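Go ahead and model the full structure; you've got the sequences and the hints to work with.
The UniProt record's numbering puts the last residue of the sequence shown at 229; the count rises by one with no breaks.
Please note that a few of the clues may not be correct.
[Stated by the list, open to error] The following label-pair restraints were derived from C-beta to C-beta distances:
#	residue 1	residue 2	range
1	Asp20	Gln63	19 to 25 Å
2	Val66	Asn86	31 to 37 Å
3	Asp20	Arg185	42 to 48 Å
[What the hints assert, rightly or not] BS3-like cross-link-like pairs, simulated, lysine-lysine; straight-line CA separation at most 30 Å:
#	residue 1	residue 2
4	Lys84	Lys127
5	Lys228	Lys81
6	Lys81	Lys150
7	Lys187	Lys164
What the hints contain is simulated information worked out from the structure, not anything from laboratory work.
None of the values given here were measured: they were computed from a predicted structure.
Positions of the beta carbon are idealized from the N, C-alpha and C atoms, including for glycine.
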Amino acid sequence: MLELDSYSLADAEFRITGGDVDGTMITDENGISNSVSLPNNSYYKDVPGIPDGKGGWLVEPTQELVRVTTTYHVTETKAPKGHKVNHSSVPIVVTMPNDEGKTFTAAFTDEPYFCKNHLDLQKDNVKGDPIQGVVYKVEFFDAAGPVDSKLKRTWYLETDANGKILMDERHVSQRMGFHSDEFFRHKGEIVIPIDGYLQFTEVAAPAEFHIDEEPFGMATGENANLTKH
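Set out below in structure tokens:
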């Protein structure tokens, strides 16, 4: 999805808190954030000596290093474009001074947004009866409308016995001359990206029907209505 303008890994924001730290990290286009320096909060405490009673010491006074372990929490506060905020918190346990200079990594996976509704296109004749075998060229544009330079995928989908077209393998036309691109998928499931545009153009129909060459389209917002009957 990251080849589309509506998705990015940049500008996600994370907050790190713990001890006296309250910092912000922002990701770049590769999803890598800036770093936040963690303080070395270890310290020395005085250890009293043991006098010898003669003005000297059996054991001289000294100082002892106190190592301090702090648990920091990294939380996502803003998701990158096209993604949902991951509300989990990642703990990072740091012991100073042992961990001074080390780099700790907190990994987050954000789920992308897709159209919640499924494509459902119905083709009927003037009597309201379904027409099987109508082929539509379906184009996905990475824009708010049909901008040629933003065309990303093209599919040829054919109506079934119920006159329906759905966005699935079963409706991909197998006719000669029609080559469809791969569907967009996420975790193996076919999805429709948000903030794009689907354009439909009828390119083939049964011999007894006139081909309607006038294209129509749908914007692919998260809650967009992708039904046309």
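Evaluation of the provided hints:
1. Asp20 <-> Gln63: 19 to 25 Å: holds (23 Å)
2. Val66 <-> Asn86: 31 to 37 Å: For Asn86 against Val66, whose Cβ atoms are near 36 Å apart, the range 31 to 37 Å holds.
3. Asp20 <-> Arg185: 42 to 48 Å: holds (46 Å)
4. Lys84 <-> Lys127: violated (45 Å)
5. Lys228 <-> Lys81: Distance ~29 Å between Lys228 and Lys81 Cα, so the pair holds.
6. Lys81 <-> Lys150: holds (18 Å)
7. Lys187 <-> Lys164: Cα-Cα ~26 Å, so holds.
Hint 4 alone, counting from the list given before, is not met by this structure.
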